[in-house]
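One-letter residues, chain by chain:
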Amino acid sequence: MAVIDYGMGNLHSVASALAHVGAERVVVTHDVEQIRAADRVVFPGVGAIRDCMAEIRRLRCDELLQVALTEQHKPVLAICVGMQALMSHSEENGGVDCLNVIPGTVRHFGQPLHDAEGQRLKVPHMGWSEVRRVSEHPLWNGIPDATRFYFVHSYYVTAADRSLVAGSVDYGVCADAVLARDNLFATQFHPEKSHTAGLQLLRNFINWTPSC
Amino acid sequence: MGLAKRIIPCLDVDNGRVVKGVNFVGIRDAGDPVEIARRYNEQGADEITFLDITASHEGRETTVHTVEQIAEQVFIPLTVGGGIRSVDDIRTMLNAGADKVSINTAAIHNPELVRQASQRFGAQCIVVAIDAKRVADVDGQPRWEIFTHGGRKPTGIDAVAWAVKMAELGAGEILLTSMDRDGTKNGFELGVTRAITDAVDIPVIASGGVGNLQHLVDGILLGGADAVLAASIFHFAEYTVPEAKAYMAERGIEVRL
Numbered sequence: 001m002a003v004i005d006y007g008m009g010n011l012h013s014v015a016s017a018l019a020h021v022g023a024e025r026v027v028v029t030h031d032v033e034q035i036r037a038a039d040r041v042v043f044p045g046v047g048a049i050r051d052c053m054a055e056i057r058r059l060r061c062d063e064l065l066q067v068a069l070t071e072q073h074k075p076v077l078a079i080c081v082g083m084q085a086l087m088s089h090s091e092e093n094g095g096v097d098c099l100n101v102i103p104g105t106v107r108h109f110g111q112p113l114h115d116a117e118g119q120r121l122k123v124p125h126m127g128w129s130e131v132r133r134v135s136e137h138p139l140w141n142g143i144p145d146a147t148r149f150y151f152v153h154s155y156y157v158t159a160a161d162r163s164l165v166a167g168s169v170d171y172g173v174c175a176d177a178v179l180a181r182d183n184l185f186a187t188q189f190h191p192e193k194s195h196t197a198g199l200q201l202l203r204n205f206i207n208w209t210p211s212c
Numbered sequence: 213m214g215l216a217k218r219i220i221p222c223l224d225v226d227n228g229r230v231v232k233g234v235n236f237v238g239i240r241d242a243g244d245p246v247e248i249a250r251r252y253n254e255q256g257a258d259e260i261t262f263l264d265i266t267a268s269h270e271g272r273e274t275t276v277h278t279v280e281q282i283a284e285q286v287f288i289p290l291t292v293g294g295g296i297r298s299v300d301d302i303r304t305m306l307n308a309g310a311d312k313v314s315i316n317t318a319a320i321h322n323p324e325l326v327r328q329a330s331q332r333f334g335a336q337c338i339v340v341a342i343d344a345k346r347v348a349d350v351d352g353q354p355r356w357e358i359f360t361h362g363g364r365k366p367t368g369i370d371a372v373a374w375a376v377k378m379a380e381l382g383a384g385e386i387l388l389t390s391m392d393r394d395g396t397k398n399g400f401e402l403g404v405t406r407a408i409t410d411a412v413d414i415p416v417i418a419s420g421g422v423g424n425l426q427h428l429v430d431g432i433l434l435g436g437a438d439a440v441l442a443a444s445i446f447h448f449a450e451y452t453v454p455e456a457k458a459y460m461a462e463r464g465i466e467v468r469l
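Quick note, the sequences are listed as chains U and P, same order. 1 is the number of the first residue of the first sequence in my numbering; add one for each residue after it. 213 is the number of the first residue of the second sequence in my numbering; add one for each residue after it.
Okay, chain U solo, but in the shape it has when bound (with noise of 0.2 Å):
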């Protein structure tokens, strides 16, 4: 299994996370043979996306990316910004054109952010928020629905598609927070860092067989 590495940030959560709930082999790499090879990759992300997408290029992990997806329909899972950089635009730093794996937008909560009662909401969304399941998948089983999972993020995710929203997030406005097609899945919130639930979302993963 791979964990694409385009030098922005800690992946060693994500690959330990992977490690204890069984994966064998977790490479965290750009190496094009290492992801090539791999049975399963996982795309994460943290930081500013001007420089992920920028990284992201030069390495050409978009490449990579789509090998893997389109080509060799392996499983992929993405993560936060991962996710985020598959979606066609994103308006942080001034606009930054992404990946356009799935047409849809990035765009920032807003200030000031309200609830549906009134109360002020926080910039960035940290902590635990409840996932409402939006569709059946493989890597919900032995989750149960409204599971909180830890999120930590400024922007959210749109996609043009509304078919391929798995899980919704509500923070002063509904946000995508799982992102499914074929074989691909996209979570916004961390399951390396969601404890019990986000371990078993990612030992789902290493267990899946997409269908297409």
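Read the hints as simulated data drawn from the structure, not as lab findings. Any given hint might turn out to be false.
Cβ-Cβ distance ranges computed for the label pairs, FRET-style [claimed, not checked]: (1) Gln-255(P) - Arg-36(U): 40 to 48 Å; (2) Gln-34(U) - Gln-426(P): 50 to 58 Å; (3) Tyr-451(P) - Val-173(U): 32 to 40 Å; (4) Ala-458(P) - Gln-34(U): 22 to 30 Å; (5) Ser-168(U) - Asp-351(P): 46 to 54 Å; (6) Thr-29(U) - His-277(P): 22 to 30 Å; (7) Thr-29(U) - Leu-433(P): 31 to 39 Å; (8) Gly-362(P) - Gln-34(U): 46 to 54 Å; (9) Tyr-451(P) - Glu-63(U): 50 to 58 Å; (10) Thr-367(P) - Asp-97(U): 38 to 46 Å; (11) His-277(P) - Gln-34(U): 25 to 33 Å; (12) Gln-426(P) - Ala-37(U): 50 to 58 Å.
Coverage of chain P stretches by chain U, computed from C-beta distances (three or more under 8 Å per stretch; other residues unrestricted) [said to hold, decoys possible]: (13) 252 to 259; (14) 335 to 342.
Even for Gly, the Cβ is constructed at its ideal location relative to N, Cα and C.
Position chain P relative to chain U; hints supplied.
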């Protein structure tokens, strides 16, 4: 249901051992940080904060190793603070497995560090720690000032104005410790907690003075904090994290159960 309020056990670590003093003196040994972090993870803590109070250079290497060990076994967010002075120090801790890094004194000497770190690593992993102490009231209004060196050295900086400035520079979160209350078990200093939570749009963690579970509730309902941090009540098994969450939930606070 919205965002849960977070309970964050804090490990004050000196040369590889968890300690917790009363107003930074009379240190009691509370054990092995890796073992304690694992216990809190199992209990359902929402995050863990690791504050390194080691002075020596050799001790700093021990800290990196301890952070690595915790990160391999604990699958909730881990914040590391204490002695963080540069972008390189931040990178070292993130590479060791920290999810967030807390900057305290270095932000006072060099506020640009907060901006640089936030741009480089993202606001989500930059916590600014503020050690505030109540100073003479001005026109009947309380005023809180930033202190360094464990609460001994005044800086003349207004704590509320500082929090606003740190948020503008790119901090993703504020860790607010009342130096008047830290180690006293008399509860959070709610005045400064409320003043800062009202003044900034980023999350605020209240710290310093927790002696019982009602203090946690007060920090959130009266202080407006997004998260509450405590050390000794958990280390010495006076309360467990599930007990704290049950108590908060009974009082209408949304928690992750």
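Can you name, in rising order, the numbers of the hints this structure does not satisfy?
-> 4, 7
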